[in-house]
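Participant: Listed below, chain by chain, are the residues.
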Amino acid sequence: MAVTNPLGIDLDQYKFGFHDPEDKYAFKSRKGLDRKIVETMSHMKSEPDWMRALRLHSLGVFEKKPNPTWGGDVGQIDFNDIYYYVKPAENQGKTWDEVPADIKKTFDRLGIPEAEKKYLAGVGAQYESEVVYHSLREEWTKQGVIFLDMDSGLREHPDIVKEYFGTVIPPEDNKFSALNSAVWSGGSFVYVPEGVHVTVPLQAYFRINTQNMGQFERTLIIAERGSEVHYVEGCTAPTYTSDSLHSAVVEIIVKEGARVRYTTIQNWSKNVYNLVTKRAVAYRDATMEWVDGNLGSKLTMKYPSVYMLEPGAKAEILSIAFAGEGQHQDPGGKVIHAAPHTQSSVVSKSISKSGGRAGYRGLVKVYPGAHGSKCAVRCDALILDDKSRSDTYPTMEIDETDVQVTHEATVSKVSDEQLFYLMSRGINQDEAMSLIVRGFIEPISRELPMEYSVELNRLIAMEMEGSVG
Amino acid sequence: MSSNPSTVTSALDRDLVVRRSAAAGEPDWLREQRLAAWDAFVRLPLPPDAGDEWRRTDLKSLDLASLRPLDPPAQKPEAPAGLVALVGDPAAAAGLRLVVDGAAVQSRLTPELAKAGVVFTSLEDAVRSHPDLVRPHLGSVVRADENKYRALNAAFWGGGTFLYVPAGVEVDLQLVGGTWLTAEGVALLPRTLVVAGDRARVTLVEVFGSSGGTARTFADYAVELVPGAGAQIRYVNLEDWGPNLWEVGIVRALVGRDATVNTLMIGFGAGLVKTNVESRLLGEGATSEMLGVLFGDGAQHFDYHTLQEHAAPSTTSDLLYKGALKDKARSIFSGLIRADQGAQKTNAFQLNRNLILSEGARADSMPKLEILANDLRCTHGASTSRLNDEQIFYLMSRGLPREIAVRMMVDGFFGEIFDRIPVETVRGWLSGAIERKMAGYV
Chain S
1 MAVTNPLGID LDQYKFGFHD PEDKYAFKSR KGLDRKIVET MSHMKSEPDW MRALRLHSLG
61 VFEKKPNPTW GGDVGQIDFN DIYYYVKPAE NQGKTWDEVP ADIKKTFDRL GIPEAEKKYL
121 AGVGAQYESE VVYHSLREEW TKQGVIFLDM DSGLREHPDI VKEYFGTVIP PEDNKFSALN
181 SAVWSGGSFV YVPEGVHVTV PLQAYFRINT QNMGQFERTL IIAERGSEVH YVEGCTAPTY
241 TSDSLHSAVV EIIVKEGARV RYTTIQNWSK NVYNLVTKRA VAYRDATMEW VDGNLGSKLT
301 MKYPSVYMLE PGAKAEILSI AFAGEGQHQD PGGKVIHAAP HTQSSVVSKS ISKSGGRAGY
361 RGLVKVYPGA HGSKCAVRCD ALILDDKSRS DTYPTMEIDE TDVQVTHEAT VSKVSDEQLF
421 YLMSRGINQD EAMSLIVRGF IEPISRELPM EYSVELNRLI AMEMEGSVG
Chain A
1 MSSNPSTVTS ALDRDLVVRR SAAAGEPDWL REQRLAAWDA FVRLPLPPDA GDEWRRTDLK
61 SLDLASLRPL DPPAQKPEAP AGLVALVGDP AAAAGLRLVV DGAAVQSRLT PELAKAGVVF
121 TSLEDAVRSH PDLVRPHLGS VVRADENKYR ALNAAFWGGG TFLYVPAGVE VDLQLVGGTW
181 LTAEGVALLP RTLVVAGDRA RVTLVEVFGS SGGTARTFAD YAVELVPGAG AQIRYVNLED
241 WGPNLWEVGI VRALVGRDAT VNTLMIGFGA GLVKTNVESR LLGEGATSEM LGVLFGDGAQ
301 HFDYHTLQEH AAPSTTSDLL YKGALKDKAR SIFSGLIRAD QGAQKTNAFQ LNRNLILSEG
361 ARADSMPKLE ILANDLRCTH GASTSRLNDE QIFYLMSRGL PREIAVRMMV DGFFGEIFDR
421 IPVETVRGWL SGAIERKMAG YV
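Taken in order, these protein sequences are the chains called S and A.
Numbered according to my numbering, the first sequence terminates at residue 469, and the numbering increases by one at each position without gaps.
Numbered according to my numbering, the second sequence terminates at residue 442, and the numbering increases by one at each position without gaps.
Mixed in with the good hints, there may be bad ones.
Said to hold, decoys possible - Calculated cross-link-like contacts (lysine-lysine; reagent style DSS-like; alpha-carbon spacing at most 30 Å):
#: 1; chain 1: S; residue 1: Lys64; chain 2: S; residue 2: Lys298
#: 2; chain 1: S; residue 1: Lys270; chain 2: S; residue 2: Lys64
#: 3; chain 1: S; residue 1: Lys365; chain 2: A; residue 2: Lys437
#: 4; chain 1: S; residue 1: Lys387; chain 2: A; residue 2: Lys345
#: 5; chain 1: A; residue 1: Lys345; chain 2: S; residue 2: Lys374
#: 6; chain 1: S; residue 1: Lys365; chain 2: A; residue 2: Lys328
#: 7; chain 1: S; residue 1: Lys64; chain 2: A; residue 2: Lys60
Unchecked claim - If you want the footprint, here are the derived chain A segments under chain S, 3+ residues with CB under 8 Å:
#: 8; stretch: 341 to 351
#: 9; stretch: 355 to 362
#: 10; stretch: 366 to 379
#: 11; stretch: 384 to 395
No lab work stands behind these hints, which were simulated from the structure alone.
Think of the CB as a built atom: it goes at the ideal place given N, C-alpha and C, for glycine as much as any other residue.
Take the sequences, apply the hints, and build the full model.
Facilitator: In structure tokens form, the structure reads like this:
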């Protein structure tokens with residue numbers, strides 16, 4: 001049965017993955033990582049000296065740092081068996097007509113042009129390591145909004161990039177942020193000038209295509225005072241047999257009174273290690289919202305963070321994890337209260353089935369002096385069979401008296417009464433399960449843009465097929 | 001680290017294990033058990049693991065090698081006033097044992113209980129008098145090779161307590177064990193073993209205190225609780241050590257079919273506490289209630305790690321830990337609910353609440369769930385807050401002085417746990433201890 005969603009994605013195809021011939025690359029580095037590869041990459045991109053120096057420094061940090069000993073098992077990743085840089089043959093297209101035909105074919109299958117016509121202000125589609133297609137509606141350009149792939153951002157706005165790049169997530173933060181800082185390619189660069197409200201979400205699609213190719217996109221979003229933007233990142237990858245690594249870094253600066261929402265629904269194929277560092281800093285009265293859905297990948301370790309640095313800053317994190325057979329979803333979130341009267345809320349919904357492992361790992365930190373701050377964390381888990389596993393690891397470090405911090409978590413199964421009720425109304429068991437699961441994640445899916453919400457529901461329905469009996 | 005040569009050339013060595021065991025006239029099996037523990041002690045690293053458990057408590061400045069295990073005093077000391085106060089009304093107890101610096105100064109049990117076959121004595125005596133009751137369990141619940149501190153206790157334990165209640169015997173009044181330390185700069189290594197036969201019921205209250213001093217003193221204890229099928233053990237552990245004492249402890253219950261274990265940990269004293277409290281529910285229908293009350297002031301550091309392990313179907317656990325923190329005190333609560341595969345119909349609850357009374361106090365809370373079964377109910381929660389100004393204002397507007405209003409709020413905070421403490425003397429002691437901690441707080 002071919003299911004088509006509003007994005008025009010043929011989900012049956014999507015489910016099993018597809019890939020284009022691999023011989024269309026202009027440059028493909030040899031496997032493995034050393035100074036030479038990093039220098040070549042930086043040279044081919046004609047980067048300024050400071051960026052090359054930062055890459056080389058980061059490589060040193062990466063080599064020194066040990067793998068994390070907590071979370072999922074990353075010991076299986078062979079860093080020497082990965083292509084760190086692949087540049088497609090064609091240069092970046094400016095209009096749809098200029099995009100090469102076989103790349104277009106991939107996008108057609110992902111449904112990007114249709115989606116653009118209907119909903120999008122701009123599209124940044126990442127084909128392999130290089131963003132090959134970009135457009136931005138004229139009205140935003142007039143308002144001074146910049147929405148580019150990161151490589152173009154660095155070329156065209158070197159001053160802005162230099163001022164912010166690596167300031168929110170320094171290479172030293174962790175092993176994978178160091179790796180990304182050394183070999184990053186692509187990603188998005190978004191700059192929203194003071195007072196500008198971007199009313200339609202900015203969207204970017206990311207794809208991994210080469211077997212054993214790590215994808216290391218780098219995204220930087222700067223929202224000036226009083227501005228507003230919603231950025232949507234979608235991830236899909238064709239299914240391959242050998243493991244692949246995706247390690248992105250996303251840095252967001254939300255200035256006074258600004259509001260940024262960052263939405264991700266990742267559906268990497270089930271052999272991908274998805275190890276991502278995402279962090280935002282929020283200044284006075286600013287609001288940062290992460291909406292983070294994790295359905296695909298073999299292992300996801302991703303903890304979107306908000307550092308509330310000035311009074312009145314707010315953070316909201318919504319997290320969904322769905323783990324099926326062979327999957328380990330270890331997402332979560334961090335909220336850091338470093339100023340008075342800051343507020344945060346974290347809601348996590350995780351579902352595990354068929355031996356999958358899903359959960360929540362988080363941190364609430366309240367620094368001394370952050371008086372009047374409030375934080376509420378709520379984690380719910382649904383386990384659909386007796387082979388699956390759910391973990392909840394919240395950590396609360398409270399250094400201030402005048403605060404309210406609460407955490408609640410529940411783990412349960414699908415209630416027999418609910419199931420029985422739905423079936424008594426003539427709904428078959430599969431569908432009833434699917435309805436209940438969709439109801440369970442509804443508090444988060446309703447926060448998604450409509451087309452994503454529909455896609456999420458379809459994906460869940462697909463994952464739930466045959467889950468009963 | 002552990003291979004530090006001073007460990008071997010110091011107050012502690014293998015020969016000391018042999019000599020102490022011989023002096024106590026211990027049987028061969030116990031000497032061998034102690035020697036195996038010694039080998040584990042030498043082998044195991046410090047800190048015990050590189051993981052999360054020891055990240056927030058730093059015992060590096062504690063030089064284990066320099067701490068000689070306490071030798072029992074030559075003369076029988078008197079029971080100090082501090083210990084008498086900790087124990088409370090002795091008439092409320094069906095049995096009472098007072099141990100000062102490792103030597104029993106008082107030991108009694110009502111004749112009815114003795115006649116019913118209840119044994120309440122020192123672990124050292126029980127090894128000789130009831131080897132068939134002790135040997136199968138001693139060191140089987142808390143093993144020596146788990147970490148260096150547990151190995152140290154297993155190699156050198158002394159001043160221990162043994163409680164046995166035969167099948168079907170129900171003891172209504174609590175049994176009380178009081179441990180007091182007058183020495184300083186030593187290591188106190190008590191060990192407690194409670195064995196309850198099928199359908200037996202008993203309450204053991206252990207209280208710990210010390211005269212203080214300035215030299216770093218170390219208490220490293222292990223408590224093993226073994227209820228039979230359908231039995232119930234209530235275990236209360238109340239510590240009010242002097243500020244120079246650091247405590248590392250483990251309380252573990254193996255809860256079999258339809259058995260119930262209630263633990264209550266009360267932490268008021270000591271400079272530093274790092275204690276694990278674990279209920280492993282191994283039989284169908286096993287139940288455990290785990291309560292904790294702590295109140296830190298000054299620079300006190302409390303680190304409690306709890307485990308509710310559901311290893312069998314239809315098991316229930318319910319944990320509530322409440323802590324109040326004043327001055328620069330710090331608390332860490334790290335609690336794990338684990339439901340193993342196949343542990344269907346599990347009910348597990350976990351709640352940690354912290355009340356911060358001063359700027360500079362700090363509470364870290366890590367409630368964790370690892371759930372591998374699907375047909376269960378499992379919830380946990382944690383909260384950290386301070387006294388509610390509006391509520392205090394309301395009470396003051398009704399004519400109460402601020403001090404009384406604050407005290408009522410603190411009592412209210414602990415109220416829900418007090419209601420669940422069935423031992424009158426313990427409730428009475430807690431009430432007085434909170435008042436002492438709150439003295440001078442505005």
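Participant: Hint by hint, work out which the structure violates, then give me just those numbers in ascending order.
Facilitator: 5
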